[in-house]
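Kindly produce the complete structure, drawing on both the sequences and the hints.
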Amino acid sequence: MKADVNPKPVARSGPVVANGDVLLAVSNVSLSFGGVKAIRDVSLDIRKGEIRAIIGPNGAGKTSMLNVINGFYHPQQGTISFKGRERRAMRPYIAASQGIARTFQNVALFKGMSTLDNIMTGRTLKMRKGIIQQALYWGLSQREEIQHRRVVEEIIDFLEIQHIRKTPVGKLPYGLQKRVELGRALATEPELLLLDEPMAGMNLEEKQDMSRFILTVRDAFNTTIALIEHDIGVVMDLSDRVVVLDYGRKIADGTPAEVQANQAVIDAYLGIPH
Amino acid sequence: MLYREAGQFKTTYAADMAVFPIRQDRIALALLVAVAFIAVPFMAEAQVWPFRTDYMVRAILIPFLILSLAAVGVNILIGYCGQISLGSGAFMAIGAYSAYKFATGVHIPLAWLGTAISIPPLPGLISIPLGGLMAALVGILFGIPSLRIKGLYLAVATLAAQFFFDWVFIRVKWFVNYNSSGSVSAPDMYLGPIHINTPVERYLLCLSAVVIFATLAKNLVRGNIGRQWMAIRDMDIAAELMGIRPLYAKLSAFAVSSFIVGVAGALFAFMYLGAWEPLAFDINRSFQLLFMVIIGGLGSILGCFLGAAFILILPIMLDQIPHAVGIPVSVETVSHLVFIVTGGLICYLLIVEPRGFARLWGIAKEKLRLWPFPY
Ligand SMILES: Nc1ncnc2c1ncn2[C@@H]1O[C@H](COP(=O)(O)OP(=O)(O)OP(=O)(O)O)[C@@H](O)[C@H]1O
Ligand SMILES: [Mg+2]
Numbered sequence: 001m002k003a004d005v006n007p008k009p010v011a012r013s014g015p016v017v018a019n020g021d022v023l024l025a026v027s028n029v030s031l032s033f034g035g036v037k038a039i040r041d042v043s044l045d046i047r048k049g050e051i052r053a054i055i056g057p058n059g060a061g062k063t064s065m066l067n068v069i070n071g072f073y074h075p076q077q078g079t080i081s082f083k084g085r086e087r088r089a090m091r092p093y094i095a096a097s098q099g100i101a102r103t104f105q106n107v108a109l110f111k112g113m114s115t116l117d118n119i120m121t122g123r124t125l126k127m128r129k130g131i132i133q134q135a136l137y138w139g140l141s142q143r144e145e146i147q148h149r150r151v152v153e154e155i156i157d158f159l160e161i162q163h164i165r166k167t168p169v170g171k172l173p174y175g176l177q178k179r180v181e182l183g184r185a186l187a188t189e190p191e192l193l194l195l196d197e198p199m200a201g202m203n204l205e206e207k208q209d210m211s212r213f214i215l216t217v218r219d220a221f222n223t224t225i226a227l228i229e230h231d232i233g234v235v236m237d238l239s240d241r242v243v244v245l246d247y248g249r250k251i252a253d254g255t256p257a258e259v260q261a262n263q264a265v266i267d268a269y270l271g272i273p274h
Numbered sequence: 001m002l003y004r005e006a007g008q009f010k011t012t013y014a015a016d017m018a019v020f021p022i023r024q025d026r027i028a029l030a031l032l033v034a035v036a037f038i039a040v041p042f043m044a045e046a047q048v049w050p051f052r053t054d055y056m057v058r059a060i061l062i063p064f065l066i067l068s069l070a071a072v073g074v075n076i077l078i079g080y081c082g083q084i085s086l087g088s089g090a091f092m093a094i095g096a097y098s099a100y101k102f103a104t105g106v107h108i109p110l111a112w113l114g115t116a117i118s119i120p121p122l123p124g125l126i127s128i129p130l131g132g133l134m135a136a137l138v139g140i141l142f143g144i145p146s147l148r149i150k151g152l153y154l155a156v157a158t159l160a161a162q163f164f165f166d167w168v169f170i171r172v173k174w175f176v177n178y179n180s181s182g183s184v185s186a187p188d189m190y191l192g193p194i195h196i197n198t199p200v201e202r203y204l205l206c207l208s209a210v211v212i213f214a215t216l217a218k219n220l221v222r223g224n225i226g227r228q229w230m231a232i233r234d235m236d237i238a239a240e241l242m243g244i245r246p247l248y249a250k251l252s253a254f255a256v257s258s259f260i261v262g263v264a265g266a267l268f269a270f271m272y273l274g275a276w277e278p279l280a281f282d283i284n285r286s287f288q289l290l291f292m293v294i295i296g297g298l299g300s301i302l303g304c305f306l307g308a309a310f311i312l313i314l315p316i317m318l319d320q321i322p323h324a325v326g327i328p329v330s331v332e333t334v335s336h337l338v339f340i341v342t343g344g345l346i347c348y349l350l351i352v353e354p355r356g357f358a359r360l361w362g363i364a365k366e367k368l369r370l371w372p373f374p375y
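Respectively, the protein sequence lines represent chains E and S. Residue 2 in my numbering is what sits at position 2 of the first sequence, and the numbering runs on without skipping anything. Residue 196 in my numbering is what sits at position 196 of the second sequence, and the numbering runs on without skipping anything.
Heads up, a few of these hints could be off.
Unchecked claim - If you want the footprint, here are the derived chain E segments under chain S, 3+ residues with CB under 8 Å: (1) 93 to 105; (2) 111 to 124; (3) 127 to 138; (4) 145 to 156.
These are computed hints drawn from the structure, not numbers from a lab. Ideal Cβ placement from N, Cα and C applies to all residues, glycine included.
So, in structure tokens, the structure goes:
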């Protein structure tokens, strides 16, 4: 992907690892569904340009945390501050317009639409032409479509999915669907990209491809990434910092090596009762 | 062999994004438009087969065009945006009665203000789009529940709208200019100095309207707003995350859909029925449009035309074919047969090919492109 995928000349200084500025801070968030406490008083931060892994056993509250961050779930307590702006709850499309994009644990593509159209939806927020102009099409609206099609084609090239451009995504194998979903999120040019188990159910080669894409996205655009992943090998290789959740609580936070050596983490993964 | 795209390279995104990217399709469409605009009127004037009488134009082509247009409107809402509606007939009625009011002059006394809203009678060609606009406004209003409710519940809400407007147009005599019979007749239509009166003139007006609005609709569904509608249909949660506002996407679908259905309703009343009663736009009309869309293909503009053709031609075929082969079939049996065939086909399509005739047509074209290879 060439650098002009992001037309805004934002000051992005190439491959840097977490330069220290906090992009997103979650403070003392608690979330429960009736009796189920999905998140209990968790605080964590994500720094600009880092790959931040969120790990934990099944049901630990990882997906719920992403849902809180992008406004799907509204926590009962705590605040989220993104780019310095603090809030408790917001609509997902507002989170999107502020630069948060994500992929889903169970692929959530638009099944009836082609790969191209799916990724084009990521450009919605950047398209300005009104409904009348779109109906008349020829002229202004067509020019806008072409301009965004260019950007999308670059994403398609980057993800190596040219051959399935016009295929309805419902017909694609799982691994490719995950890739299209990443493309759709990238099309929004996010500042913070939330990936919920992007490699689940993939074979080794597909995992390697996906890891390569994730690293390139971070390195080429300095996009901040929060990554949920069960494959500990992948987590250790990709991430700069890891936070570990268990039963909705944060039990560890630090570099991959620190976390790996942490006794509470080992206990949680071995299922030691507490 | 004729249907090949070899040698046709797309060198620009504009060419790749064209509605008909394959040259043979463009030629076929140009021919079809030429036949519709030139050959049909000439043949009808010359009264050659199959235009011996004006039956073909008056009773088949005109309703086919208008109901195809209505089906385009319905398909935008149901097929593209995934919002089920059983109230399409009511929106045709709103278009028809509003156009009628605009064409005959609107007078709303506001006694408590000591004044009145008065609009002089407007020309038919202005009244018809205004009828569409009124339908769009009401459509937005009735679209608001869709922000909260989905599927069956929304279908029931739109059904309620259908019965409500049936009632309004029967009971509120203001809409029929206090005509005691409750039926109204369309005012004369003029295009500048030309009085649009004969079946061929009416046909040409309907054809123009259909070509214009179907083109605009096609542009919408292939553009940004169309992708928003389909995204809401396929996965509304993910759509919101891409920055699509459900409020805007759904209400714009209701507005555009109701506008087109309203225009079709006004055309149906003015150009086909001539004189009509609320019964013309009852729940049966809603179902007829729904069946057209399902049979033709949800989420396809072409499908609207295929579905409308099928629903209108089926009864005629079932009536004519047995006669032609010498089996007398009573009128009653024909109408029963129509129900059986339509019902069976809908069940079959919903199970086997939910994207209808349009999809089957697409598959046939794919096969033709690859012919003689079987895959
Ligand atoms: N919408 C919801 N309604 C009720 N309970 C929920 C909801 N979403 C999550 N939960 C509950 O919250 C807890 C945390 O779920 P979450 O999906 O966040 O776990 P996770 O860490 O992503 O697990 P996994 O690794 O299986 O994806 C679980 O007990 C789950 O049942
Ligand atoms: Mg999860």
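Verify the coverage statement for the segment 93 to 105 of chain E against chain S, using a C-beta to C-beta distance below 8 Å and requiring 3 or more qualifying residues.
holds (count 7)
Three residues minimum, CB to CB under 8 Å: does the segment 145 to 156 of chain E make the cut for coverage by chain S? Let me know.
Holds: 5 residues of the segment 145 to 156 of chain E have a Cβ under 8 Å from chain S.
Verdict on chain S covering the segment 127 to 138 of chain E, where coverage means 3 or more residues with a C-beta closer than 8 Å:
The restraint on the segment 127 to 138 of chain E holds, since 7 of its residues have a Cβ under 8 Å from chain S and three suffice.
How does the coverage statement for the segment 111 to 124 of chain E fare against chain S, requiring three or more residues with Cβ below 8 Å from a Cβ of that chain?
holds (count 9)
In this structure, none of the earlier numbered hints is contradicted; all agree with it.
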